[in-house]
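Chains as they are written, first to last, in the numbering used here: chain A, 1 to 120; chain B, 1 to 113.
Simulated from the structure, these hints should not be mistaken for laboratory data. Careful: at least some of the hints might be erroneous.
EDC-like cross-link-like pairs, simulated, lysine to aspartate or glutamate; straight-line CA separation at most 20 angstroms [said to hold, decoys possible]:
1) B:57 to A:106
2) A:112 to B:86
3) A:3 to A:106
4) B:57 to A:96
5) A:3 to B:44
Residues per chain, in single letters:
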Amino acid sequence: AQKITQTQPGMFVQEKEAVTLDCTYDTSDQSYGLFWYKQPSSGEMIFLIYQGSYDEQNATEGRYSLNFQKARKSANLVISASQLGDSAMYFCAMREGWGTTGGGADGLTFGKGTHLIIQP
Amino acid sequence: DTGVSQDPRHKITKRGQNVTFRCDPISEHNRLYWYRQTLGQGPEFLTYFQNEAQLEKSRLLSDRFSAERPKGSFSTLEIQRTEQGDSAMYLCASSSQGYNEQFFGPGTRLTVL
Numbered sequence: 001a002q003k004i005t006q007t008q009p010g011m012f013v014q015e016k017e018a019v020t021l022d023c024t025y026d027t028s029d030q031s032y033g034l035f036w037y038k039q040p041s042s043g044e045m046i047f048l049i050y051q052g053s054y055d056e057q058n059a060t061e062g063r064y065s066l067n068f069q070k071a072r073k074s075a076n077l078v079i080s081a082s083q084l085g086d087s088a089m090y091f092c093a094m095r096e097g098w099g100t101t102g103g104g105a106d107g108l109t110f111g112k113g114t115h116l117i118i119q120p
Numbered sequence: 001d002t003g004v005s006q007d008p009r010h011k012i013t014k015r016g017q018n019v020t021f022r023c024d025p026i027s028e029h030n031r032l033y034w035y036r037q038t039l040g041q042g043p044e045f046l047t048y049f050q051n052e053a054q055l056e057k058s059r060l061l062s063d064r065f066s067a068e069r070p071k072g073s074f075s076t077l078e079i080q081r082t083e084q085g086d087s088a089m090y091l092c093a094s095s096s097q098g099y100n101e102q103f104f105g106p107g108t109r110l111t112v113l
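Okay, chain A solo, but in the shape it has when bound (with noise of 0.2 angstroms):
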């Protein structure tokens, strides 16, 4: 089974409009952490926000927040009034073993991505 499920491949979103990235996750693991990164077409991964297992609220970053359903087992990213410069891929990933204490040891397990289209 695959840890992590970005079930939209693509997405075309108007200007100004907020935009909902789903990410389903697989893990037996009581203490885990959940990544956002966005690929703009220049290749280059930049970290958006984390969300730790045992982290009581969701996170937020500026525009970004991130809707934590732990019993369904689901961290989608919610960005607020979408701009042109969103346009990327937008990867979920999941870092396995530990939470909110942070310092995590391992690697990172990454959906395949859902590519956004912001259109004007």
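Model the placement of chain B on the given structure of chain A, informed by the hints.
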């Protein structure tokens, strides 16, 4: 610029040749990761160093691949006897103990002819 740097940015080689890539992490980061990304896929974890110790290797890291971080600073990834299936973007990332975020470099794009 004090971000993660990788060299070279592009490498074209013939099948069967050996290649070596270098990664310079952010200077105060003691953790370094290598990933591989093929077209249309997310990055796949290859290996991880804490200081100079290689603590984890993915099963993707066949015996043709070797990584080193001799002094706990820069790291090298060598691929011996390259195959066409090795064509990919090789990404390096670093992080600091106690922090969640991994900072990625620009990657080395390998093309094996």
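Hints versus structure:
Distance hint between residue 57 of chain B and residue 106 of chain A is fulfilled; the C-alpha atoms sit about 9 angstroms from each other, no more than 20 angstroms. For the proposed pair residue 112 of chain A and residue 86 of chain B, the alpha carbon gap of about 19 angstroms is at most 20 angstroms, so the pair holds. For the hint pairing residue 3 of chain A with residue 106 of chain A, the CA-to-CA distance comes to about 15 angstroms; that is within 20 angstroms, so the pair holds. Pair hint residue 57 of chain B plus residue 96 of chain A holds up; C-alpha atoms about 15 angstroms apart against a cutoff of 20 angstroms.
Proximity of residue 3 of chain A to residue 44 of chain B is assessed by CA-CA distance (about 12 angstroms); at most 20 angstroms being required, the pair is judged to hold.
Figure legend: structure checked against the earlier numbered hints; every hint is met.
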